[in-house]
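*Asks:* Chain residues, written in single-letter form:
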Amino acid sequence: MRVGLFVPCYIDQMYPDVAVATLELLEGAGLKVEFPAAQTCCGQPMANTGCNDAARPLAARFLDLFDPFDYIVCPSGSCTSMVRNHFSDLVGNDPRLASIQSRTFELCEFLHDVHPVDFSGNRFPFRVGLHQSCHGLRELRLGGDSEQMIERPDKVRSLLAQVQGLSFVELQRVDECCGFGGTFAVNERAVSVAMGEDRVQDHLEAGAEVMVASDMSCLMHLWGLISRQGSPLAVMHVAQVLAGRSPSVSVKNSIKPKAGNVL
Amino acid sequence: MATVSEHPEKAAAYIADRSRSRWHDGALWFVRSKRDRMAHSLPEWERLRSTASQIKAHTIANLPEILQQFEANAKARGVHVHWAADAQEHNEIVLEIIRKQNATRVVKSKSMLTEECHLNPHLEVNGIEVIDTDLGERIVQMRGERPSHIVLPAIHIKKEEVGETFAKYLGTEPGASDPQYLTEAARQHLRSKFLEAEVGITGVNFAIAETGGFVVCTNEGNADLGASLPRVHIACMGIEKLIPRLVDLSVFVRLLARSATGQPITTYTSHFHGPRPGCELHIVLVDNGRSRIRDSDEFRSALGCIRCGACMNTCPVFRRSGGHSYDAVVPGPIGSVLSPAADTKQHRSLPYACSLCGSCTDVCPVKIPLHHQLLTWRQQIASQGLLPVSKTAAMRAGSMLFQHPRIYALAGALGRRALRWLPKSWIYNRANPWGLDRDLPEPPVESFRSWWQTNRQGTSVDEGMKSKEAKNGK
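Heads up: the protein sequence lines correspond to chains S and D, in order. The first sequence finishes on residue 263 if you use my numbering, and the numbering steps up by one all the way, no holes. The second sequence finishes on residue 474 if you use my numbering, and the numbering steps up by one all the way, no holes.
FYI, nobody ran anything at the bench for these hints, they're computed from the structure. None of the values given here were measured: they were computed from a predicted structure. Please note: incorrect hints may appear among the correct ones.
As the list claims (entries may be wrong) - Taking CB as the label site, the calculated pair distances span:
#1 D/E96 - S/A98: 52 to 60 Å
#2 D/L440 - S/E209: 34 to 42 Å
#3 D/N429 - S/E205: 44 to 52 Å
#4 S/E209 - D/N429: 30 to 38 Å
#5 S/P153 - D/E173: 52 to 60 Å
#6 S/S102 - D/H118: 30 to 38 Å
#7 D/Q403 - S/S248: 33 to 41 Å
#8 S/G230 - D/G221: 38 to 46 Å
#9 S/E205 - D/E442: 25 to 33 Å
#10 S/D89 - D/K345: 17 to 25 Å
#11 D/S41 - S/E205: 22 to 30 Å
#12 D/K168 - S/P153: 37 to 45 Å
Ideal Cβ placement from N, Cα and C applies to all residues, glycine included.
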């Protein structure tokens with residue numbers, strides 16, 4: 001079984017350790033993982049701006065690069081949703097599309113549904129505030145959201161819940177948007193910052209030590225605010241927690257040597 | 001023609017008063033939370049939503065036949081039925097009915113359609129006094145403002161400010177802010193207006209084709225007084241307000257108030273089936289762009305909107321930026337879908353006033369895929385050339401970069417190095433809107449692709465910029 005690692009462009013460039021952690025989780029689960037190095041960006045910033053002409057060639061490249069794999073796994077709900085829910089706007093007539101969409105998974109979804117992994121041997125003795133990223137929640141349905149009256153397994157939370165010592169704090173607004181929203185963060189700076197500050201405040205008031213999310217883009221925005229405020233809150237991608245990183249290590253973006261036998 | 005409105009600027013101005021923005025957010029979140037509790041109390045909630053969505057889809061698909069059925073049944077009940085192609089025709093029809101009565105005093109209960117058609121100014125320039133009788137609407141009318149929300153029109157105004165307004169217009173004690181005192185003053189004021197009025201105008205929440213009747217929902221009973229005290233009742237409705245059968249009404253009545261305010265049902269749900277003896281009942285059926293939306297494959301389902309306002313209460317952008325930042329009759333997510341349909345250029349910033357979080361889609365009682373429609377609007381705005389060149393050029397440049405992995409890797413390495421080395425003042429300045437309030441991530445020495453090549457393929461990497469630092473970093 002060949003697994004293609006789909007690394008969002010900003011993770012590749014700014015948060016390589018999230019990709020390394022993802023790789024460690026997949027390899028630790030006994031999978032053969034490849035990183036098609038010609039991959040860049042799935043085209044989401046362009047498509048979300050409405051510039052489909054600019055996004056189309058990137059979607060087409062994605063299909064070329066990832067078609068050979070049995071599974072395509074990505075540590076981002078937002079980028080996974082781009083492939084699964086929005087590529088049809090761009091390359092809807094490509095005969096490979098439906099099959100690739102059915103083979104593309106967000107990391108937690110993959111570890112929960114497709115290739116279950118036991119994390120009960122892990123330890124993470126911290127109070128975690130789980131930031132449910134919108135696209136994972138409402139486009140991929142990685143969990144049930146507060147608007148719909150539908151019970152759904154919470155895939156991100158249930159993976160984290162296996163980890164020893166990890167406790168969740170309860171937020172006032174369990175799945176409120178952080179305000180990143182891609183180019184929204186710059187276009188609508190005032191609203192974006194207000195949303196982010198409120199999100200951080202909710203985590204601080206709940207007593208979180210570490211804010212964990214399945215999308216690093218949300219955390220990039222939230223960390224930017226936390227750092228500016230000087231708040232005592234670490235941020236970590238769920239892959240980093242599951243791969244055994246410690247909060248003090250994860251905030252430094254540089255790649256750490258393998259974290260030993262965490263699995 | 002109206003000038004182009006820019007949501008980001010208006011939103012920033014509103015948010016600049018952080019305590020007001022937070023207060024507004026909290027007030028609407030309170031309503032959203034009440035809605036959640038109400039939705040939770042019905043095990044069949046999602047089934048109701050699906051049923052409502054299907055009824056509306058059926059209605060929209062068969063709208064001409066259903067409208068004709070409604071017209072025939074309403075006429076058989078002695079109702080005068082009028083058709084208006086657009087806002088101007090609607091306003092002329094209403095004015096004509098009022099003039100035939102030689103009337104000059106009108107009371108009006110809440111109707112987003114008459115807001116959309118700008119009926120009040122039209123009647124006022126023609127010498128008619130129009131008094132909005134919904135308390136929130138009356139408050140904004142006195143202040144010369146527009147409603148900021150379709151269900152809670154004065155949600156942006158604090159009770160102290162209502163006290164100031166009432167002191168000025170109704171002679172209440174200056175400085176008064178007790179809601180009961182102020183409400184009583186408004187009640188006495190409105191009562192005299194009801195008694196004087198010669199014509200009452202109401203909106204319509206649901207019109208039933210099968211019976212020719214219609215329903216108006218209020219919490220204050222003002223529509224009932226407005227429709228019962230004057231001899232003439234004019235009901236103004238968009239053609240999408242139809243539902244086929246009386247039995248369908250039960251679905252919508254259960255969803256409407258729960259979604260809107262978290263009540264199980266509105267305090268008054270009044271059914272009108274023809275004029276009272278010796279009185280007149282008119283219905284004005286208005287298109288005003290609705291047929292155009294019906295013809296579009298992308299936005300058709302937006303006609304199913306029952307104007308509950310749940311998408312506004314849940315929208316994190318609306319809650320913080322206030323309804324007036326949208327500069328549109330209907331603000332919030334549904335307004336950002338409908339407004340560009342009326343005038344794309346004027347409202348081109350609204351589909352971007354959205355983080356695409358999808359909360360509106362999941363809260364909508366008729367399942368309009370609001371955030372996907374907003375994304376579709378962005379595509380239409382871009383393809384119509386209505387995006388600033390700076391944005392389209394940036395997206396095109398990004399696309400070119402991402403189509404060339406080597407150049408992308410080089411640009412990334414240069415960018416990360418620049419972030420590490422450049423003086424702060426070169427990075428954090430006006431040219432970088434991100435950095436005005438947020439720190440940029442600490443740039444790593446090495447990208448993942450570079451790490452992969454070294455650690456998994458065993459080959460030395462040429463990012464063009466591989467430096468001593470990278471080795472030191474490991």
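*Asks:* Please go over all the hints and tell whether each is borne out by the structure.
*Replies:* Results of checking the hints against the structure:
{"no.": "1", "hint": "D/E96 - S/A98: 52 to 60 Å", "in the structure": "holds, 57 Å"}
{"no.": "2", "hint": "D/L440 - S/E209: 34 to 42 Å", "in the structure": "violated, 24 Å"}
{"no.": "3", "hint": "D/N429 - S/E205: 44 to 52 Å", "in the structure": "violated, 33 Å"}
{"no.": "4", "hint": "S/E209 - D/N429: 30 to 38 Å", "in the structure": "holds, 33 Å"}
{"no.": "5", "hint": "S/P153 - D/E173: 52 to 60 Å", "in the structure": "holds, 58 Å"}
{"no.": "6", "hint": "S/S102 - D/H118: 30 to 38 Å", "in the structure": "violated, 50 Å"}
{"no.": "7", "hint": "D/Q403 - S/S248: 33 to 41 Å", "in the structure": "holds, 38 Å"}
{"no.": "8", "hint": "S/G230 - D/G221: 38 to 46 Å", "in the structure": "violated, 54 Å"}
{"no.": "9", "hint": "S/E205 - D/E442: 25 to 33 Å", "in the structure": "holds, 26 Å"}
{"no.": "10", "hint": "S/D89 - D/K345: 17 to 25 Å", "in the structure": "holds, 23 Å"}
{"no.": "11", "hint": "D/S41 - S/E205: 22 to 30 Å", "in the structure": "holds, 28 Å"}
{"no.": "12", "hint": "D/K168 - S/P153: 37 to 45 Å", "in the structure": "violated, 57 Å"}
Checked against the numbered hints listed earlier, the structure breaks hints 2, 3, 6, 8 and 12; every other hint is satisfied.
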